[in-house]
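A.B. asks: In order, the protein sequences belong to chains A and B.
According to numbering that gives the first Met the number 0, the first sequence is numbered sequentially starting from 0.
According to numbering that gives the first Met the number 0, the second sequence is numbered sequentially starting from 0.
Source of the hints: derived by calculation from the structure; they are not laboratory data.
Computed from a predicted model, the values in this text were never measured in an experiment.
Using N, Cα and C, we set each Cβ at its ideal position, and we do this for glycine too.
Among the clues, some could well be false.
[Claimed, not checked] In silico contact screen, one side only, chain A against chain B (beta carbon under 7 Å); selected entries:
#1 Leu23
#2 Pro136
#3 Thr147
#4 Arg292
#5 Ile314
#6 Thr337
2 protein chains.
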Amino acid sequence: MRPIPLLQLGHGTIGKELFHQISLQRATLRSTHGIDLAYCAVATSKEITRYDQGHARHSPYTGWNQLRPLLKELPHAIVIDVTAAPLTDIHQEILTAGGKVVTSNKKPLAGTMNAYHALHADTRRYRYETTVGAGLPVISTLQDLIATGDEIEEIQGAFSGTLGYVCAELGKQKKPFSQIVAEAKEKGYTEPHPQDDLGGIDVARKALILAREIGVRLELSDICVQGLTPDEIAGVQDVPSYLIRLKNLDEEYARRVRVWKQKKSEPRFVARMTREKVTIGLEGVPADSPLGRLQGPDNLILLRTQRYHDRPLVIQGPGAGAAVTAAGVFADILKVCTLFT
Amino acid sequence: MRPIPLLQLGHGTIGKELFHQISLQRATLRSTHGIDLAYCAVATSKEITRYDQGHARHSPYTGWNQLRPLLKELPHAIVIDVTAAPLTDIHQEILTAGGKVVTSNKKPLAGTMNAYHALHADTRRYRYETTVGAGLPVISTLQDLIATGDEIEEIQGAFSGTLGYVCAELGKQKKPFSQIVAEAKEKGYTEPHPQDDLGGIDVARKALILAREIGVRLELSDICVQGLTPDEIAGVQDVPSYLIRLKNLDEEYARRVRVWKQKKSEPRFVARMTREKVTIGLEGVPADSPLGRLQGPDNLILLRTQRYHDRPLVIQGPGAGAAVTAAGVFADILKVCTLFT
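Could you build all of it, start to finish, from the sequences and the hints given here?
C.D. replies: Here you go:
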């Protein structure tokens, strides 16, 4: 059994967890799957750690641009990108050279349409399940439907745990919007600046990846994202001031939720994708629909297709977190391994 | 591009639909995936149809035992079993000879534990996604979790569209049990003899396959299935008499549903699998749980694992029907195709 070399880019919470999961599972995979995963190197933006016969050797370096010699050193490695860095060029170069990439980094696929086409040319060598819904089987399910000739009519999704939490709390009608956001920040549910969640840009990137998957040609700038904050608040850089300014929205959100509740609807931050358009924003959705029944921070994706027309296919669960994201990357790596046999 | 030969066993509703889907998609797969799927033969229990350069040639034969010469003729074919026939031996022989099988026929995997082990030895060459939940990504998701080292703590499932319908109607408290079943039969939702649904044996087979997937060693006879009918009714062969006898259960089911409703629970026919035990039967489940929120005939599988512990992974949608089942078989075929490159 020849070892399959792994080169990991990034060593944050997901990267550390992935390294841990693969180390724990290595012996089992050797005996049950005949797959021997061998870490050759882990690179961060600051240093490279090479692994050789169990020995780790560190060498400092100065940024991702110096990655290329390492890639040349390891032409057969599966390159794992668990960074959030702008590594589109690196991905492209690896694929052009015939290499294999597994990425949880959604930036390259959410870049220009040209870059997308280059990356998406051979999806057996380029896997990105965790870019939408973390470990939930979203991309693979969609790819299976498309490959077998199904027509995707509509995708609905709740792709932000943070906004899911905010919407669920809004729906309870107990706390004003600004307090809900402040508490979410306190509990560590939000990005350092809550606007990075409330603006909906991360949801837009995921919607872009899914829309492109079903064949729509569009750029991130083509997507109309209705974030939870108007421009004059969205631009406030100082977080304490930002949180205070959110109070100006409390009354309006309370009013909108009241109206929705009267119609047996629940507030949800929804991404909708069809071949014609992509819309992202806060909506009132029927309380007895899959999105309306969604609770708390769970993600949900609903696929309505020619074959799943009357009753859609729905996948639901946590769409973030180091353990489930790393596991999703790990599963992608195992799929790429089938190309080695 | 070398054509990948297909040999299909069975030509019922799923088999016809699969043949249709593959024919429609063949040109697209050639250009987008570099895969050329070529039907060589379709065998039913009565005749073999060989395809050669677009010409179909029929030859009668007398049962599955005469299949072996055909298998020898086509040693590299992906064998597709869309029958409900007892073809365990055939599956085993194909795998032993190094062949590849995709099956929607759940009988072989729900046979003896010995047969299961032989079939399950190399899951890259033996695919059976559609044996549970039709086209829903149930088996593949479970296999990914296990391969990456997750611990499966519990699986909950609603695996019968028919029983899902009966439970949903019971929960409405508008019609007696016997009337619900009679109407389901009239609408074509049940097997010719409704006991084949109400007894829960099909659910037990699916639960057996999932329990074995998570490493439990057990036989079908080890599973305690609490069907919806007591033995003295279950044994009534004449359908009209059977339906009349069901009236004896109306009062009891109405009473049980009343009690559950008082506790904010809903009647559901649930399969529960852990490493310790498998239970199948009618339960009252909390109305605000994933199973409780399930509507009508949809299937649902809930995976609670070490990584999906606080919030489980849930997959939901139609778990029967020719189009979605054939599409699931088709997706399995495409996965097996990666072994050809």
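A.B. asks: With a cut-off of 7 Å, does the beta carbon of Arg292 of chain A approach a beta carbon of chain B closely enough for the hint to hold?
C.D. replies: Hint on Arg292 of chain A: holds, closest Cβ of chain B at ~5 Å, below 7 Å.
A.B. asks: Can you verify the interface hint for Pro136 of chain A: is its Cβ closer than 7 Å to any Cβ in chain B?
C.D. replies: Constraint on Pro136 of chain A satisfied, holds at 5 Å.
A.B. asks: Double-check Ile314 of chain A for me: the hint is only fine if its C-beta lies closer than 7 Å to a C-beta in chain B.
C.D. replies: holds (5 Å)
A.B. asks: Restraint: Thr337 of chain A near chain B, CB-CB cut 7 Å. Satisfied or not?
C.D. replies: At 5 Å from the nearest chain B Cβ, Thr337 of chain A passes the 7 Å test, so the hint holds.
A.B. asks: Against chain B, run the beta carbon of Thr147 of chain A and see if the smallest gap drops under 7 Å.
C.D. replies: Constraint on Thr147 of chain A satisfied, holds at 4 Å.
A.B. asks: Leu23 of chain A was flagged as interface toward chain B. Is the shortest Cβ-Cβ separation under 7 Å?
C.D. replies: Check passed: Cβ of Leu23 of chain A comes within 6 Å of chain B, closer than 7 Å.
Comparing the model with each numbered hint stated earlier shows that all of them hold.
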